[in-house]
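*Asks:* Construct the entire structure; sequences and hints are all you get.
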Amino acid sequence: MSEEIRTGVYTCHCGSNIAATVDVKAVAEYAAKLPNVVVSRDYKYMCSDPGQDLIKQDIREHKLNRIVVASCSPHLHEHTFRTALAKGGLNEFLFQMVNIREQDSWVHLDKPAATVKAMDLVRAAVCRVALHKPLTKGSVPIRADVLVVGGGIAGIHAALTLANAGKKVYLVEREPTIGGHMAKFDKTFPTLDCAACILTPKMSSVRAHPNITLWSYSEVTQVDGYVGNFKVTVTRKPRYIMEDLCVGCLECIEACVYKEGKFVDEFNMGLSKRKPIYIPFPQAIPQVPVIDPETCIDFKTGKCKKSCVDACGERHAINLKMKETTEIIDVGTIILSTGFQVFDAHRSPEYGYGVYPNVYTALEIERLVNASGPTSGEVVLRDGKRPKSVAIIHCVGSRDEKNNRWCSRVCCMYSLKLAHLLKEHTDAEIFNFYIDIRTPGKGFEEFYQKLRNEGVHFIRGKVAEVTDWAFDPSEEGKLVIRVEDTLLGFARRIPVDMVVLATGLEPHADAQEVRRRFNLTCSSEGFFLERHPKLAPVSTFTDGVFLAGACQSPKDIPDTVAQAGAAAAEALALIDAGHVEIEPNTAFVLEEDCSGCRTCIPMCPFSAITFSEETKLASINQALCKGCGTCVASCPSGSIVQNLYDDEEIFAEIEGVLSNA
Amino acid sequence: MPQDYSYFPGCSLQSTGVAYDESVRALFALLDLKLHELPEWNCCGATSYMSIDEGSAFVLSARNLSLAAQAKHRDLVTPCSACYLVLKKTQDYVEHYPAIANKVQQGLQAEGLPPLNGVQVRHPLEILYNDVGLDRIKHASVRPWRGAPIACYYGCQLVRPYCDSDQQQNPTHMEEVLKAAGIPTVDFALKTKCCGGSLTGTIPAVGQRLNYLILKEAIRKGAGAIVTVCPLCQYNLDAYQADIRKSTGEAIDIPVLYFSQVLGWAMGADAKALGLQRSIAGKQTIKQWFAASEREEKAHV
Numbered sequence: 000m001s002e003e004i005r006t007g008v009y010t011c012h013c014g015s016n017i018a019a020t021v022d023v024k025a026v027a028e029y030a031a032k033l034p035n036v037v038v039s040r041d042y043k044y045m046c047s048d049p050g051q052d053l054i055k056q057d058i059r060e061h062k063l064n065r066i067v068v069a070s071c072s073p074h075l076h077e078h079t080f081r082t083a084l085a086k087g088g089l090n091e092f093l094f095q096m097v098n099i100r101e102q103d104s105w106v107h108l109d110k111p112a113a114t115v116k117a118m119d120l121v122r123a124a125v126c127r128v129a130l131h132k133p134l135t136k137g138s139v140p141i142r143a144d145v146l147v148v149g150g151g152i153a154g155i156h157a158a159l160t161l162a163n164a165g166k167k168v169y170l171v172e173r174e175p176t177i178g179g180h181m182a183k184f185d186k187t188f189p190t191l192d193c194a195a196c197i198l199t200p201k202m203s204s205v206r207a208h209p210n211i212t213l214w215s216y217s218e219v220t221q222v223d224g225y226v227g228n229f230k231v232t233v234t235r236k237p238r239y240i241m242e243d244l245c246v247g248c249l250e251c252i253e254a255c256v257y258k259e260g261k262f263v264d265e266f267n268m269g270l271s272k273r274k275p276i277y278i279p280f281p282q283a284i285p286q287v288p289v290i291d292p293e294t295c296i297d298f299k300t301g302k303c304k305k306s307c308v309d310a311c312g313e314r315h316a317i318n319l320k321m322k323e324t325t326e327i328i329d330v331g332t333i334i335l336s337t338g339f340q341v342f343d344a345h346r347s348p349e350y351g352y353g354v355y356p357n358v359y360t361a362l363e364i365e366r367l368v369n370a371s372g373p374t375s376g377e378v379v380l381r382d383g384k385r386p387k388s389v390a391i392i393h394c395v396g397s398r399d400e401k402n403n404r405w406c407s408r409v410c411c412m413y414s415l416k417l418a419h420l421l422k423e424h425t426d427a428e429i430f431n432f433y434i435d436i437r438t439p440g441k442g443f444e445e446f447y448q449k450l451r452n453e454g455v456h457f458i459r460g461k462v463a464e465v466t467d468w469a470f471d472p473s474e475e476g477k478l479v480i481r482v483e484d485t486l487l488g489f490a491r492r493i494p495v496d497m498v499v500l501a502t503g504l505e506p507h508a509d510a511q512e513v514r515r516r517f518n519l520t521c522s523s524e525g526f527f528l529e530r531h532p533k534l535a536p537v538s539t540f541t542d543g544v545f546l547a548g549a550c551q552s553p554k555d556i557p558d559t560v561a562q563a564g565a566a567a568a569e570a571l572a573l574i575d576a577g578h579v580e581i582e583p584n585t586a587f588v589l590e591e592d593c594s595g596c597r598t599c600i601p602m603c604p605f606s607a608i609t610f611s612e613e614t615k616l617a618s619i620n621q622a623l624c625k626g627c628g629t630c631v632a633s634c635p636s637g638s639i640v641q642n643l644y645d646d647e648e649i650f651a652e653i654e655g656v657l658s659n660a
Numbered sequence: 000m001p002q003d004y005s006y007f008p009g010c011s012l013q014s015t016g017v018a019y020d021e022s023v024r025a026l027f028a029l030l031d032l033k034l035h036e037l038p039e040w041n042c043c044g045a046t047s048y049m050s051i052d053e054g055s056a057f058v059l060s061a062r063n064l065s066l067a068a069q070a071k072h073r074d075l076v077t078p079c080s081a082c083y084l085v086l087k088k089t090q091d092y093v094e095h096y097p098a099i100a101n102k103v104q105q106g107l108q109a110e111g112l113p114p115l116n117g118v119q120v121r122h123p124l125e126i127l128y129n130d131v132g133l134d135r136i137k138h139a140s141v142r143p144w145r146g147a148p149i150a151c152y153y154g155c156q157l158v159r160p161y162c163d164s165d166q167q168q169n170p171t172h173m174e175e176v177l178k179a180a181g182i183p184t185v186d187f188a189l190k191t192k193c194c195g196g197s198l199t200g201t202i203p204a205v206g207q208r209l210n211y212l213i214l215k216e217a218i219r220k221g222a223g224a225i226v227t228v229c230p231l232c233q234y235n236l237d238a239y240q241a242d243i244r245k246s247t248g249e250a251i252d253i254p255v256l257y258f259s260q261v262l263g264w265a266m267g268a269d270a271k272a273l274g275l276q277r278s279i280a281g282k283q284t285i286k287q288w289f290a291a292s293e294r295e296e297k298a299h300v
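Residue numbers (numbering that gives the first Met the number 0), protein chains in the order written: chain Z, 0 to 660; chain L, 0 to 300.
By construction, these hints were calculated from the structure, which means they are not laboratory data. Careful: at least some of the hints might be erroneous.
Restricting the straight-line Cα-Cα distance to at most 25 Å, the calculated cross-link-like pairs of lysine to any residue (SDA-like) are [stated by the list, open to error]:
| id | chain 1 | residue 1 | chain 2 | residue 2 |
| --- | --- | --- | --- | --- |
| 1 | L | Lys220 | Z | Gly353 |
| 2 | Z | Lys201 | Z | Thr212 |
| 3 | Z | Lys401 | L | Asp163 |
| 4 | L | Lys220 | Z | Leu380 |
*Replies:* Next up, the structure:
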């Protein structure tokens, strides 16, 4: 190849972001003297239209055939500059971007040294770009069907949005009913509208929608494939009642040999008992009971008279021999809305949860104030008495160096809501113990003001402990809150009848397993990581997989629904485009050199490499390959090559960066 | 198979806490655990020394650890909570703060002692819980308990800031060990609250107020005695009850014992061998609890 290399180098000031720490002019002057460089310029904002026009113009006027831009991270503007190349009539891969902002000006203080570093990096790019070859992007078709994982309010909203747009949606929920945490709430803040009243119509719509296939009591157990073409295995646990035959009359529950509930009712947070055959709550979707084999006499001993089966009669909907089944579906995009788990209050032993019976978690109080809850909305202590005073302790498990360091975002507002509801139900004296009250949301601060006007007490101080240590007769039989009131400036003891722990939100215990299954990354605390915290908040680093709701970070219902809508829109954008472009920086096997040793196959984190029994050679699926380069490095015969990262290019870059003049 | 440990009694166990020393030795002998007193041990460095001259205190403390590092048995048992804390703190600081490590190193070199490594500082309660185990304690406990339930009191230094195997906020090893020996306990919310520390000596009104709160709450919870792991806690709660009776007008008279005393009793040791006659408060109760059952045993034989 005797092509003359003509390179243009453009060094960006990025306002003062780069220019304050790197002598941009000096870098540009230095670059002008490098081999093959025909044009070298500096400009205030290379990403602006005039900046891009510079590149286009120079390509034409100076017959440039390689471009280097030294500016910010390729994550931000590689696409911008590649497009400028294409518009200027050059193959967009004859381009190399140098990051002198995130990896230089932003992390250094010493201007001369940072300038030298920028020069080194530019020199490396100039050396490697000369070896770039024109490449073309691939394209794969996108299947229109969507999988939504998790049937809380996020999953429900995303599924309905997609279904209403005419897409076929599979909604997979691990519990026997959809509805998630929201179904357990009584009222929602700050408007105090009833959670069930706004949620259950949406749940019914899911059930009735012709475009939605709802698989409750099911879990995604395997995910193969890639954006546009995922193959997903869903394992459906046996509920021992056939959904297609059951009409939801619930007579089987009535007929159970247990006349009263005897086992912990998970939906009511253990505040009531259920039978072995049960429906989590009256408006559950699907309206189909489930049998718990752990507690059902027939499963345990085989000696039950099976009155439930008799009650079902002709319908024959109960099948005690039901087995786990699997479904395999093909979808183009996936929305993960797997939610959160509540912090286990036992992990803060100073608050006495599990030790003192009248210490409750906020979720237990949600059930207690709920008209369809275990006490039909009557707020009573475990001994049946009505509390005359209630303490609500904020930040339990949140903003806590010993437990979770993050703010769970919803606890201040739900504590205010519970304070209002408890006051309304019991007329008790209510004390809120807070570190900071955080009410940034529409109507939130006004709600806080309203609570103060209602006479709820707010005491600023992190509670030291909840104790039954009685100091004098007024504390006898009470729970004593010991706290430093940081506004008054002294330690206080406040005796109350009931303590409510505003427990925080945290990732599910199995979030790491789910992460691996869907090939995601997590942020340090374990919530699923979005592609960009500001500009791609529902996308992930796995193309075609989107996030919605509290699996990404703690959030309230309005934000969750907004995010679910955004995730659905992102999925629709992919589906409507019909195909997705694939970066050509993938690896491929040089068949004549491959010995078929299979070393590369287990190395690939994306399962993109397969071994053909016919040819005895490895081959790489270009749609699955993410260009990580692991297989390239592992191949003993050097027969795997990666576009944009072949040996010559990498060596040129290394030599470039090291050959400091 | 006997188990062997190096033993660091510390100063309290030779003065106000003689009963602790006696009962720990008796209890360990009953369980076939051998204590080898560290030869030529010195002051642990203690809390007051630490707050006046930290550098010298660390060197003092380190000398003991260095002696233990040369001993045959590198598990160093110390019953006193203050000794336990200071020895562990020395290990921690030597590991994490080069300036302190240097100072300690110089001190040891001056005396020709090797560096301190490989020593495990251990408390007898933790040894009972982990090395002996609840099952063995249950089998070894031959005397039925005839006293009232007990309030287990841990104080501060055993569980804060170093807490090897128990829960820091709500320690339960003492309750579990006593329960295994057939001794009932009460729920005691003040189990890690301040005993008054050295305030009983410096500002008695404040110190005794703290003693009073613990004594009173234990009685309110139905405890017939308080059991401790620390000689300072024991002394503070035991020695000022007459003063507290005078200042509050309340009839407070409750024995304050070491966990090793009640466990040793349950395992058949003699009351005198456990130093039970040395207590100040609740003498009548002690006489009843720790004599009646012995008479019965004699009748049995």
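*Asks:* Work down the list of hints and note, for each, if the structure agrees.
*Replies:* Checked hints:
A C-alpha spacing of about 19 Å is found between Lys220(L) and Gly353(Z), which places the hinted pair at or below 25 Å, so the restraint holds. Restraint check for Lys201(Z) and Thr212(Z): satisfied, since their Cα atoms lie roughly 15 Å apart, inside the 25 Å limit. For the proposed pair Lys401(Z) and Asp163(L), the alpha carbon gap of about 16 Å is at most 25 Å, so the pair holds. The straight-line distance between the Cα atoms of Lys220(L) and Leu380(Z) is roughly 22 Å, inside the 25 Å bound, and the hint therefore holds.
In the structure shown, no violation is registered for any of the earlier numbered hints.
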